[in-house]
Structures are given as structure tokens and as C-alpha cells.
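Residue numbers (our numbering), protein chains in the order written: chain A, 1 to 331; chain B, 1 to 331; chain C, 1 to 331; chain D, 1 to 331; chain E, 1 to 331; chain F, 1 to 331.
Please note: incorrect hints may appear among the correct ones.
Which copy is meant is left open, so a pair is good if it fits within one copy or across any two.
As the list claims (entries may be wrong) - With a Cα cut of at most 27 Å, we get these calculated DSSO-like pairs of lysine-lysine:
| # | residue 1 | residue 2 |
| --- | --- | --- |
| 1 | K36 | K286 |
| 2 | K302 | K36 |
| 3 | K2 | K27 |
| 4 | K260 | K323 |
| 5 | K68 | K324 |
| 6 | K323 | K234 |
The set of hints was computed from the structure by calculation and includes no laboratory data.
There are 6 protein chains.
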Amino acid sequence: MKDIYISDLASFDEGKVFDGYFLVLLKQQRTTKTNKPYLNVILGDKTGQLEARVWEPNDPRIAKDFEKGSVVKARGSVSRFDERLQMKVDQVRVALPDEFDKMDLMPSTQYDVAALWQQLESTIESFTNADLKLLLRTILADPAVSEAYREAPAARQLHHAWLGGLLEHVVSLLEVADRVAAHYPLLDRDLLLTGVILHDIGKTRELSWEIGFDYTIEGTLLGHIQFGTEMVDKAVEQLPGFPDRLRTLVIHMILAHHGKLEFGSPKLPMIPEALVLNFVDDLDAKMQAMATEFDKCEREGKSAEEMTGRVWSLDNRQLLNTKKWLGAEKV
Amino acid sequence: MKDIYISDLASFDEGKVFDGYFLVLLKQQRTTKTNKPYLNVILGDKTGQLEARVWEPNDPRIAKDFEKGSVVKARGSVSRFDERLQMKVDQVRVALPDEFDKMDLMPSTQYDVAALWQQLESTIESFTNADLKLLLRTILADPAVSEAYREAPAARQLHHAWLGGLLEHVVSLLEVADRVAAHYPLLDRDLLLTGVILHDIGKTRELSWEIGFDYTIEGTLLGHIQFGTEMVDKAVEQLPGFPDRLRTLVIHMILAHHGKLEFGSPKLPMIPEALVLNFVDDLDAKMQAMATEFDKCEREGKSAEEMTGRVWSLDNRQLLNTKKWLGAEKV
Amino acid sequence: MKDIYISDLASFDEGKVFDGYFLVLLKQQRTTKTNKPYLNVILGDKTGQLEARVWEPNDPRIAKDFEKGSVVKARGSVSRFDERLQMKVDQVRVALPDEFDKMDLMPSTQYDVAALWQQLESTIESFTNADLKLLLRTILADPAVSEAYREAPAARQLHHAWLGGLLEHVVSLLEVADRVAAHYPLLDRDLLLTGVILHDIGKTRELSWEIGFDYTIEGTLLGHIQFGTEMVDKAVEQLPGFPDRLRTLVIHMILAHHGKLEFGSPKLPMIPEALVLNFVDDLDAKMQAMATEFDKCEREGKSAEEMTGRVWSLDNRQLLNTKKWLGAEKV
Amino acid sequence: MKDIYISDLASFDEGKVFDGYFLVLLKQQRTTKTNKPYLNVILGDKTGQLEARVWEPNDPRIAKDFEKGSVVKARGSVSRFDERLQMKVDQVRVALPDEFDKMDLMPSTQYDVAALWQQLESTIESFTNADLKLLLRTILADPAVSEAYREAPAARQLHHAWLGGLLEHVVSLLEVADRVAAHYPLLDRDLLLTGVILHDIGKTRELSWEIGFDYTIEGTLLGHIQFGTEMVDKAVEQLPGFPDRLRTLVIHMILAHHGKLEFGSPKLPMIPEALVLNFVDDLDAKMQAMATEFDKCEREGKSAEEMTGRVWSLDNRQLLNTKKWLGAEKV
Amino acid sequence: MKDIYISDLASFDEGKVFDGYFLVLLKQQRTTKTNKPYLNVILGDKTGQLEARVWEPNDPRIAKDFEKGSVVKARGSVSRFDERLQMKVDQVRVALPDEFDKMDLMPSTQYDVAALWQQLESTIESFTNADLKLLLRTILADPAVSEAYREAPAARQLHHAWLGGLLEHVVSLLEVADRVAAHYPLLDRDLLLTGVILHDIGKTRELSWEIGFDYTIEGTLLGHIQFGTEMVDKAVEQLPGFPDRLRTLVIHMILAHHGKLEFGSPKLPMIPEALVLNFVDDLDAKMQAMATEFDKCEREGKSAEEMTGRVWSLDNRQLLNTKKWLGAEKV
Amino acid sequence: MKDIYISDLASFDEGKVFDGYFLVLLKQQRTTKTNKPYLNVILGDKTGQLEARVWEPNDPRIAKDFEKGSVVKARGSVSRFDERLQMKVDQVRVALPDEFDKMDLMPSTQYDVAALWQQLESTIESFTNADLKLLLRTILADPAVSEAYREAPAARQLHHAWLGGLLEHVVSLLEVADRVAAHYPLLDRDLLLTGVILHDIGKTRELSWEIGFDYTIEGTLLGHIQFGTEMVDKAVEQLPGFPDRLRTLVIHMILAHHGKLEFGSPKLPMIPEALVLNFVDDLDAKMQAMATEFDKCEREGKSAEEMTGRVWSLDNRQLLNTKKWLGAEKV
């Protein structure tokens, strides 16, 4: 059973020996300046990534058969190099299937997926628009889709980049969107929430999350917007009485949810629900990026008297954790 | 008492004579192609503006003493010219003070200003942060400020461009921001709501709304962001124990509320509350612009089968009124 | 039978009476400055548009029943006003179905549509890739699609804005693309030409061309890129053995053909065929816009010593007709 | 007393031992690839920065108590690594207060600060506008302000990034602005020069220059434009008769001095003096950046036949030192 | 002799008859709504332009032989229409050569051209660099060039758009540049002033100023930068010993004087002199645009309490005349 | 004779000793972390570049006299470090002139330069426009020009960055342009092809290719567009009867061939031939960049299941090799 996590290692003394289970994200042959071969390895688990070195690849305690994508049991110790942690691996072998739980090996949501899913379903249940309710049920009735929806990250490396991240993001959005819908009488709540549930569903095909998170070739060429509209299209074909205009609006919301052409939406939001979807999607992603950055500063032990580093997904801004900074003010 | 409004005239027969009270927004001497002098006048009331012509300026029934800014009683009839309505004025005189109510003569909020103000005050009352509560009360304790806050439009011609528009916009924002604050634990609710109440308070000095809505020269040179920070500054000087950092954050929210340098904010939002303030401000303005455009189409009798005209404040997009279009679908 | 065209009228003497058949593009009630009602009408035929006035709408020779979209027989004469031609209509009635040919009443291609279509089909015939050949035949086998493909304009008002313009543009592109494919060994000719044939096929649903050219509401909300991918999708579902990757590439070409996100393509060209498709599409549109502008100058009698007016679709540039200007040089 | 400067070390032989006084800008624990701990240190003095390594941190000759911000006496030698100089530190201890002069330890202006200050004061003395003269004297009468004004750098790392840089930049601007004012009768000289003196005064609060140059948190959140307007505001409150419009114009000049919204000015220059201020400020900064780059090439021994490297603050351009290049031309 | 100018007419009573000499800038046949032919004419003189109408083109007092480009003597009176002045022409004939002075008929500099030219020449005289002195003398020795240099406007409609405007702009620049050169030791004064004199010399071929100001076709296709470099090139060919590098730098200054690629400079300024040239050129043009706008407001009788209209060449900004506004403040 | 190329070394075993002839692109003194001096060298040949280290610079087998620009014979072996190949040099001496062929030492076109040149000349021969034929012959008659034209690369590091690259690019363009000219009757073929041949001729002066490829100082200051127009200018001066307008158009094509101001063209294409030149130039450069990237992936052994890396000259896009990916699809 996995009991040591990469995030724990920061506090380990240099040289202290430990065993751990990790996913191999990269394995490369290299040579030292003195022409000695060694292995450069990147290990991952749900708490992060770790650079590792196997300085004696021919030692019999170093298995030959582990590869990118293997789960391994590794023994060694950490050192610090240029502020980064590095593991020196003394022993390594492929782990047995019953020695680990896959969810421990990739970053994944800290929420209960079943509970999130239940929240999604009861939101659909609450719809008064029978057509939209049926559309969503039809799409999610496909077990491959609903399983992928529960597993997929929301992005490769920006916001919600962890297993279950897509679902977590959508459920958060459902709450925000529902609150906003209650405020503006102009909005058709069920249509808005349908847009929330479907806007990123194409990410289940755009991304792969077997070994780390990456784009598929098809995903790079077509994108999650295209996949999403295809999935709606296919479901509507099975629902003969589905109103044409409603279909048009649902697809419009998927097309327009990035809000700007230059962000990859081929259409700008032209209905109130599409406008709100774009706003809350953007807001939720940015709030999550802020929270993630503040957590990172916390873990790195930054003081309340420092701003964060520059955050790429927030236009390279530095941020300030309001509550912490205010709390630290001398009274 | 005013009983005929500009918005009513669209349905009047050409030539039908009527009396009405209007605000004079423009008065110009002109000459016809045949060298005959006439007056070109623009009249306004709370429902809109109307072009008018006085073809016989020397007729004794045409008063000499009305000017831009006068309220007049005018008699005449309408005709249509190039799709626009035009009034032919046969008689006109300056109205007596007790003949009209100023609120009828400029567009003004359809909400009850006293109720909106009450909502603002009870929101402040609900604060747990005593410093922020005191700051807001100090600022609003100045009767000139609070009166202007109740009267000011939120803009010259974009969203909420009517008397009371600023207050209406802020109260709507308070509701949305409160809902969003309840969803994200990262947010300091009282700080966010303080930002909502103060972000546009400088508009009370940037705009004038005596005769139509316009920018003051000082407003054009300095802008409402500068005025807003001055007002906070002045209030804080009266509150000796006010925490320095809290003052910094409140001013930061005012500086950053436009969200982008190119929109006139000298700083980007760097705290969660400033980010949310920018989002809800932008969203509320756009939702209001949509609602205004849909109302306009309704008044102009556009069918459900047409999109709106291009809306400048929404990147010149055309819009579609979802509910109306869906409702019109043949089943 | 129509024998007088709008383009002929420029040379008519003012006041000369004539009869003609026209499509009514607009009909509005208006009032003169002296309060007299009249009709403001826009008439069209395949050579252009003409402003018209009915000064005596109650004359019994003026039919009451003609509307926007009617084809009418009108009698009257032209005058020039502010450099523009205007028709004074003395008589008008709705035309009988056998009095006119619809193709005379809207601008349409000067090429033989049947010949263009034949060229398209023989290009498909020449494919060596059986899957792509079958895909195209499947799509064009739907008579509604192939009829619309022969009729549709390529745009509302930019390049090829006439009946048959889409087909004319595609056939021109096929020739250019075939020439370019012969030069670069990297290119898969059949894939490139498939992209040419399908890239704008969604315009058959994005545009309407019953009365003038306009966007449908669905077209505005979804766009021809979305319609095009739906049409390919639907056809591929009928072709069980169609290779997945080929389907991906065909859809990628449709998505990417505008070449830039800000031009409404949700994906940039990432394969050589998509890159070339974007280039030749853009080039052909611009060459046609140049030719159209030069023709217009010719018709307006501009001399060789003048540049054209500013052309919107060419970044508002002025252009020069090389051959004409060189030919006019004194030797 | 400091007698060896970082700029001297470039010409030292590798291995030659020397003693020097330096400011510690960074101190980090690290580990070699062979797991041996060492210290990574950055030392600074007024001529530049120097990477240093303490390979034996436990040697008794290495003091334990020096930290970031300490001034130390260090003994060791230099080597070259990847074209960069690196110091190997054999001994180090905290320096005694009377062993060094702080001005030697950070880059500082090569001009005489007292003389620059005198020039600033006599410019104010020359004003004919009594209000502006009084305003400036009031602001500079605060010893904290005038001391900071004499010390502050003009920027963290772009132009004039050294102690006294702000004052040096302002005095250079005063000269240029005075010359320009003499040429254009439109300009109010005293107003222009007031803008020059106050435009960057907020940098005394935006930047800190205790240990290296950095932004304060307040500076990052509010910026020197906001601080500058606050300082004017506070001074004007003490001057009851100060004309309102003059106050508006002075603040406008501060707000607008960056010349573009996207450079962080919330207002564009709308008066001639603000326009000229923006021009000369930008020109002086760029001329100084050029001069700095040419000096750097000179120090690095670049030949006249080479352009400079790319200069970030000049749009990443390469530059050419005209006089040097012309002088080197063979005749 | 011309004694009535267009700028005088604003104060004329409607209907008062006068005679005047004008340049015909446009002459068009038109028809009234009642089908009566009339002439639409635009007349110009050095103070502006004037719309005119000939309502009776067949009256024998209306000459048949005047055309665009003719100078005419016209009799008539003015009226006001939609705030614009319009002349009703009762008599008109082509003027005799000795009746007018061409300089009265197009806007031209208010400075003495001979004095400006003298200033240019004495600046050249002051050079210490013999090569540059010779280069300039060689170029200006061509009488066609020097005559055109004295006559040309600096632009078609932006800054200095009047006869002699180019020379006026250059002489103003020489003064400013000389002042700036005295301040920055980095600058080669003679090289900078050479750049000032030559940067716009290509405008003598880019623009035509026979009848109004316009671009030539060659000017539109090639631009004044290209013409300028050709002129330098041709002169250098006549000067065998002219240093290659000096030639390169002079041409570089011409190429780079617009300062940005998107303003049509194919190269950015890479030497100090080119940087300064771009700055002072831009500054002088903007100062002149400000002065022109303030004059216009003065002529139109705008009060000190109003900002100017939006000025296109200053990013559509509104401006404020500092001195006037300050002077108007109540004390 | 050179028989081992840098591209071969990827497959060499580490430590295997070999001899080779290389061009020295860089030579630097450096020090190891343990203060030992060594040489850092970059070697090049026509297949690429190679980092090399001389760990024993004082070994007598290491010549002292080789420098940047020398051709050397070196003995040593390769190792891999951080995925990059590095050569350890044991012996090195300057090569004798008859030991190598310069064409082997820099990347150069894989086409036969004589054949390409022949193709260029026969295209000129095919012209019907005698003036253009004569112009081109006059320019190419200068042996310095025609030799440089055959040798020059088309760029420093983007497309066609190899000896003969300019000619190869132009000949490819001639073919494409000729095909396009045959399709559009609007085009003057000879003028278009003249533009193709001359558009980049200034690169023969903008770039140097003695030791690696670089910009000359004159090239950086003036650019190939300026050089190209000078060369045309000089040739036309020798051709007294050359039509002025033709000269204008040829120069316009050179000025406008980058297609946008921000790409360094001072004029936009305003004639059909300039538009087509810009299109085919851009297309050919991008097709070549794609082919180069695909070749690189092939050499690096990337599988068909991967996209390429990001390609800078194609907006940092990743690309897919259509034919390879389709071929790899499982059937």
C-alpha cells in the first residue's frame, strides 16, 4: 500500500532511505560528463512529480523491465539540487497489481466523485424542461461517456488538472450558474445548466489521462468543442421529437463557451445563457487557479508578506492572498 | 401634469394635435433650402428623445425665451420622415415649476429608489467587519454624496444610462456578488461588497445629469477611478484606527475594477475579491445591455424570427432573445 | 420578358419613360417634409439595386398588393440625385409568373452552372482515393444538398455574392489547388480537393437567398463550419468502413479553413492540405474581389489614371488595375 | 574601506586571492550531485552582481550569521564558468559598520546628488506661478519625502535603476522639458515642469531599495501613479487657496504620463503639457537605456563592428553606436 | 484682387450679395427632387472650403467653361443649412490670370517662406561634418527639388496640411532637434539634423498640390520613404568620396523615421539619432495638431468651459486648452 | 575527403573513435567547476551542428591556431548528454585547403545549382515583355550579383536556411506563380515572375554566409527590401527607354512582398501581381518549413503516432504528416 507521497519528501532529510510506489512518467538513458551511463527518470503520484536518477543502471537491484507507464516500487533517498528535490534510486522493480491503487498515482480530485456525480444527476432531475432532461440522460446513459466524465481532468496543466477535475469543475459551475440564474429573470435556467454540463464534455475525447495528462492527436486536430457538438448531435438523432431550435441553442452554447474567437470559439455568445456560461466558466477556472497558487505558496512556506509568483493563466500576474495578508497585519 | 410620453407618439396618427411637457436638449437656428429660417429642436423625456421643428419661429405663439435646459409645454403633431418620427411644433412656452415632475423628464430607473437605498444600507448593516462598515457609513454620511449616489446614472449612454442607474446597478451587483461569495470560501464577503459599493462612486463626480447625461471636464481629465480613490482617502483620514492594509485593498479594488489596463484600470486585479468584482460588474452591465436591447426590439415590434441589431457594448454582436424564439417555435 | 436591366439605366436620359421587371427588396411608407405620404422602395435585378419613389401611392395605377419579395412590373423614369440614380414610379403591379425568369432578378454567376457542376463531378471522378470519392458522392447524392450547392452565393456581400457564387468559387479553387498539388510532393491531392469541395458546403444552410442574400438565424448562431462538419458526420455514419483518421482529417480541414482563430476557425491548419486550402481559398476570394472592383470602376467610367476606391475586404486598400494603367502610359 | 569592486574582477586571473566588502543579495543551501551541501550566494556592490559558492560551509572561517541583507567581508578567488564569473569563497564574516559606506554597495548615480538637488530647487525657484511653486515646496518640505526622492532609483531594472536614479532622471527631464517649452508658445512652462518633478514621485513608495531594488506589496497593488496623486492631494489640502483647476491639471499630468492605457495610465494626455511630459519622459528613458547598453558593450570589449545585443526596453531591438561605428570606418 | 475670404463668410448676413475669387475643387451636375438640374460646386481658398449651388445653370450669367481646377470670380450670397454655410451662386466666370494670386487660393503657411528657407540654409551652413553639408547642398541644388520643398504641404489632411507646410514643419523640427542634441552627448548633431531635413523630402513626389492636396498614384504605390532614399542615393552617386557608412546611416534614418513597422517604416530606429528624429517628428506633428484644433475652437467661438471635439490624429482624444481654461477660472 | 557527417553520428556508439572535417562556428575558453580550463567548441558541416569539448587544451595534439571560421580535422568520440550529442575531441588541427570542399561544410541545397540557374534563365527567356526581360538580364549580368544569387541562403534560420536556398526558393516560386498566372486572366505573367525573381535579391547584401549565416550591419539597418529597390534603380538608370510606370510597379512589388506593414513591408500589395507574389512567397516558405520539420522528425525516429514539436515559423503550431499518419492506420 502506498504510504509515502511525493509531497511528503520535501521535509525528508537528505540521505534518509525510504520505499515508495510511483508511476513512471519518463525514462531516458543518459551519460555523465565522464561518459558514465545513467537513467534519468520522472516519477509521479497524485501529489506531484519527482525527478529521479539511477546512477547504477546495471546493478542487479535495478529491474530492466520498467518503462514509461509502469508502476514501480522504488527505494532510495532524496537530495536538493538547485532548489529542486531529486531522488537517488538504489533499487527499483515493477509493482504488482495488488500493491497499489491507481487513484493514488495521479493527481485526483479531493472530493468524493460519487457525491459529485450524484449532485450532477439531481440537478438534471430538477429540470422542468423535459426535452433537455431527456437529452442529458441520453448522453450520460452511455457508460463509456459517463465513466470518462467521472475520470477526466479539466485540462492538461491549467485549472483542475487532475482526475475528476472535469466533474469537479462542472459541479462547481452548476452551483454558481444556478445562483446567477436565480438573479436574472432573462435566463432560462435549464438551458443554462445544460450548457454547463455539456460545454466541456468533449474533453473526454480531447484528453488522455492514462500516463500523465495529454492531448490525443484527434483532440489536437479537432478539439473538445467539435467533439461536444458531435455528441449532442448523435444524441439528438435518437430523440425524434427534440425541438430544432433547442438543439441549435445547445450547440451554440458549446461553440461559444470560450467567449472569444481568439480563444478558439468559432462563435461569440449571442444568447443570455451563452454569455453567462462563458462568464462563470472563466470565473471558476480563475478562482481555482488562484486557490491552487495560494495552496502552493502555503506548501512552499512562503510568508504572508510575499506575493505569489507570476501565474500564467492569469496573464502572468502576481497575486495576494487577502485573508492571510490582512490577518498578518500588526494591530 | 405630464400625460403624453415620447414613447407613446410612435402610435399617433400623423397630424393629430397634442400637448406635452418636454426637456429641451438642443435648440438651433437653421435655414431651409429656400432660405427660410426655422428652429431645429431636440426634446426629451424619460422615455426617449424626439426631433422637432418650429417652422414659424416668429409666430407669436412661439415663445422666444426657451433654451437648452428649459422645460417647455409644446403643442403640435408628428410626422414620419425616413423612418424617424418628427414633431411639428405649433405653439411652445416655458413650463411653470408646478406643471411637471423632473423625474418624468429624464430617463430614470423603474425601481423605487428608496427601496434600493434601503437594500444598500441593510447590506452594510450585515457586515461583520467593523472597519469596512464604518468606512462606508462615513462616506455615505455626507448628504451631497448620498444624494448624488441616488441620482446618478451609471453611464452616459451604455448600460444603466438613466437617473438612479448607478444605484440600481450597484444593488443588482450586491445580490450577485453575495451569491458568488457564498460559493467560494476564498472570498472575504465584506471586502467584496465594499468594492461593489465603492467601485463606481466616483461617477457622482465624473458625470453631470442636469440636462441630459454628460462628462464634466474634470471627469474627462481625471475619471471616476481617481475620484473614487480620493473619496476613500478622505474618509480614511477621518478614521484614525483604520488598518493600512485594508485601505490598500479597498483602493486596489477601485483601481482594478475594469479588469484590463486598456479599459482604463491602472492595475490588474491581484486579489480574489478584485477579480470577482470585475467579473460581476462586467456581467451585470452586459446582462442589462441585453435586456435593454430586447425591450427595444419589443417596443419596435420586431418579430421573434429576427435577431436584434448590432449592440455596440457587446462587441457589435447581434443577439437573440432565447425565451421568445423558443416560445415561437411551431410544435 | 425582362429586357431592361438596372445597369442599363445609368445611360438613360432623365425623364425618359420605360417599363421593367424587378424584385422588391424593400417597401416603406414615408412622409415628405410637407407631410405628404410616399413610398420608398428598393428594386433589384441581377445587375444591381435601384432606389425608387412612388410619390402618389394612392394613384389607382399603383397596386396595393406588392410587398418585399414580390416581383413587379414598374413604369417610370430615372433622375440623378446626389450622384445616385433614383426611379420615379408612375405605375406598378405584381408580375405574372410567366412574365419573368427568377435568374434575371438576382445577381447570378455569369458561368454555365451545369458546366461548373460537370467540372466538379469529373474532378471527383478523377480521385484515386476510393473512400474520399465515396464520401463526396454520398454527400452530393442528396438532391436538396446538390441543388442548394448549385444555387448558393459564396457570401452575403463580400466575394462571389451572387447565385451560383459558391460553386463558381469552388470550381476556381479546384483548378488552383490541383495546380499547387502538382508542385508539392508533400500534398495528398485527393484530400486537398475534398477539402476544397466541402469547406464551404455549410453555407448552403448558413445563408438564405430567396429575397436578397442574408444569414439565417441558425446560420448566425452556428455558422457554416459547424454545418459542414455535421454534413460530413452524417455521411460518414452511412459509410461503415470509412477510415477514422481520414474522417478526422476531412473535418480538421473544414474547421481550419479560415486559417486564424480570430477569423472564426476553432483550429489552425496543422496538416499540409489544410494549410494550402486556407491559402488558395483566401487568394481566390481576394482575386475575385479585385476583379469585381475593377469591373465596377470600368462601369463607372473611371479613368486609367485613378486608383479604385477603398476595398473593405482587402483591408480598405485602394487598388490599381495594372494592365490598364500600363496600357495607358504614353510611349 | 572598499577597494575592490565587482567590475574589477573580470580582469583578475583565476585563482588569485583577494578580500572585498559586498552586500549579500541571496543566500541558499544546496547540495552537489554527490550529495555534498554547499552555499549558493549572490553578492552585490555598486558596480554589479556576482555569483559565489561556499563549498565548505562548515569551515570555521565561514561565519554562520550572515544573511540576505548583510554586508560581509569575503576572501576568495574567481573562476569563469560558461562565460560567467563565479567567486569561490574561502572566508567570510559580517562586516563592521565602520568598515564600509553603503553607497559603495549598491549601484548609484555617478552624479553629485547635492548638485542635482540644487538644480531641482533652483528650477522651482524660477517659477512665476506662485501656486505651483508653493505646491512643490510644500511636498518637498517633508524630510521623509525629500530624502526618499534623493535616494530612490527610477526603476527596478530598466532605465536609471540605481540609487539617485529618480532624481537624475528628473533633472535631465527638467532640462529637456525647459528647452521644449521655450520652443512651443502653447506650453505653460511652470505647469510642465511641475509635472516633470511630480510624475514619478510615487516611486518613493512603490519601490524599496534596502537590499537590491524591489516593489513593495503596496506598490504592486496601487502603483506610483496612485501614490503620486495621493501626495499631491494631501499637499493641496494644506493650501486653502490653491486653484481647483490647477489641482485637476497637475493630477491629470501624473495620471497620463505613461501616455497609453496599456502602459498603466488610466487617462490619455489631453493637454499640451501632459503630451510633452509623456514624450520627454519616454525619450529620456530610452536615451539612457541606449547609453547604458553602449557602456555595457564597451566594458565587455565588443568591437565597433558589432551591433549590441537585443535591448528589452527598446522592443528587443539591436542598436548601433553611431559615433563609434563611423569613427571605425576605414578612410 | 481677392478681398473676401471664406473664413469671413461665417459672419455675413444671409442674403447679402458679394463677389469673390475662388478655386473650383469640385463641379457636379445634379437634379433636385423635382427633377430640376443644378450644379453642386465646392469652392476653396486659403482659409477653407465652401459648398456652393448654382440653381440656374442655364442663366447666361453662369459661364459654361469653368471646371475643377479653374479659378473663378463668383457673385452670390450665403445661407446656413444644417449648421453648414452654403453659397448660392448668381453669377460666375473664369478669372483672368492677373486678377488673383495663387497663394491666396490654397491654405498656405502663415510664415515667410523665404525666411524659413534661409533658416534651413544657415542650419546646413553650421554643420561641421563636410560630407553631410555637401550631401544636403547637392540635393537642394536641384531647383525642381528646392522649389517643391518650399511649396509642398506636409500632409494631405493631418498636420501642416497647407502650402509650405513641409518646410514649416522641418524648420520647427530643426529647432527642437538642435535643442535636444545639445542635451544628449550621445548624439551626432549634424547627422540628426540631416535626418530632419531629409526625412520627409520624398513628400515632394508623394503628394500633389495643384488642385487641393492629394496623393499621386506613384506616391500611393511607393511612398515618400522610398522616394527619399532614391533622392539620397542619386546624390551620393555624384559624390565619389562620400563615406559608405554615413550613407547607410542617413538612409536608415529615412527608413526608420515613422518609428514603428505598422506606421510604414520598414525598419525600427537602431541608432540614437534615428530614435530622436522619430520622437521630435511625432511630437511636432502632435503639437501642431493641438494648436490647429485650438484655433478652430477659437474661430467657432467655443467657450473655455468646453473641451475640443475628438481629434483623429491624436487617437480620437478630446483636448483642453490649458491656458484658456485656467485663465477662465473664477477667483 | 570528408566522409563522416554530423548527421551520421547519432547512430555511433559512445566512445567509438573517428576522424572528421568540420567548420569551427564557435571557440570559447571555459573552466570546469573544479577550476580546470577546457575549450567549448561548436563544429558544423552541411548536415548540422555539434557541440564539442576539448578537455585537455594543452595536450600537444591540440593545435593552438584554430579559430572561429577555421576548417579543422578533429579526432574523438561522441557521448550523449541530456539527450544531446557531444563530441570529446582528442586531437585537432587546421585542415589543408585540398582536404575539403566548402560545400560539404555548410548546409546547402540538395538540388543542382546549375540546373536551378538554367531554369531561372529559361523563364526569363520565355518573357514576351521585352523591357522586363532586359531589366532582369541587366541586373543578373553583374557577375558579383549572379554569383551571390546562386550562393545565398534565403534566411538565417527560418525556411531555406542553406547555401543556394535563395535560388531554390525562387525557382520553386516561379513554378507555382506560373501555374497561378495561367489560372487568373487578371495577372500580367511577366510582371509577376519579375517580382518573384527580384523580391528577395537584396538578401545577397542583407545576409553573410562566410561562417554560418548572419545579418550584416548594413543589412540590419537597411534590410533586403531597400537593397532590392536600389538594385532595380541602378539597373533602370542604365536602360534609358525603360517605362516609368513599369519601374514603379516592379519596385512596388519588392516593397509590398511581405504583405503586411508589421512584417516590414512599407506598402501593402495594391496590384494583383503584388498580391499573388505575397501569397505564393508565404505559402512556399511555409510548405518548406513543414517539409523540413517532417524530415527532422524522420531523422529523430519519431513514430507516426506523434505530432511534431512546435514550429516557430508556423505560429508555434504542432504539425501532422498526413501521409505518414494515414499510412499507419490499422486496416
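Tell me, please, which holds for K260 and K323 at an alpha-carbon limit of 27 Å: within, between, both or neither? between (33 Å within a copy, 24 Å between copies)
If the cutoff is 27 Å on CA atoms, where do K68 and K324 land: within, between, both or neither? Let me know, please. Answer is between: at 24 Å across copies they meet the 27 Å cutoff, but 41 Å inside does not.
Is the C-alpha distance from K302 to K36 at most 27 Å within one copy, between copies, in both cases, or in neither? Result: close only across copies, 26 Å inter versus 39 Å intra.
Using 27 Å as the alpha-carbon threshold, which applies to K323 and K234: within, between, both, or neither? Result: close only across copies, 25 Å inter versus 48 Å intra.
Intra- versus inter-copy proximity for K27 and K2 (alpha-carbon distance at most 27 Å): within (21 Å within a copy, 36 Å between copies)
Which holds for K36 with K286 at a C-alpha limit of 27 Å: within a copy, between copies, both or neither? neither (46 Å within a copy, 42 Å between copies)
The structure shown violates just one earlier hint, number 1.
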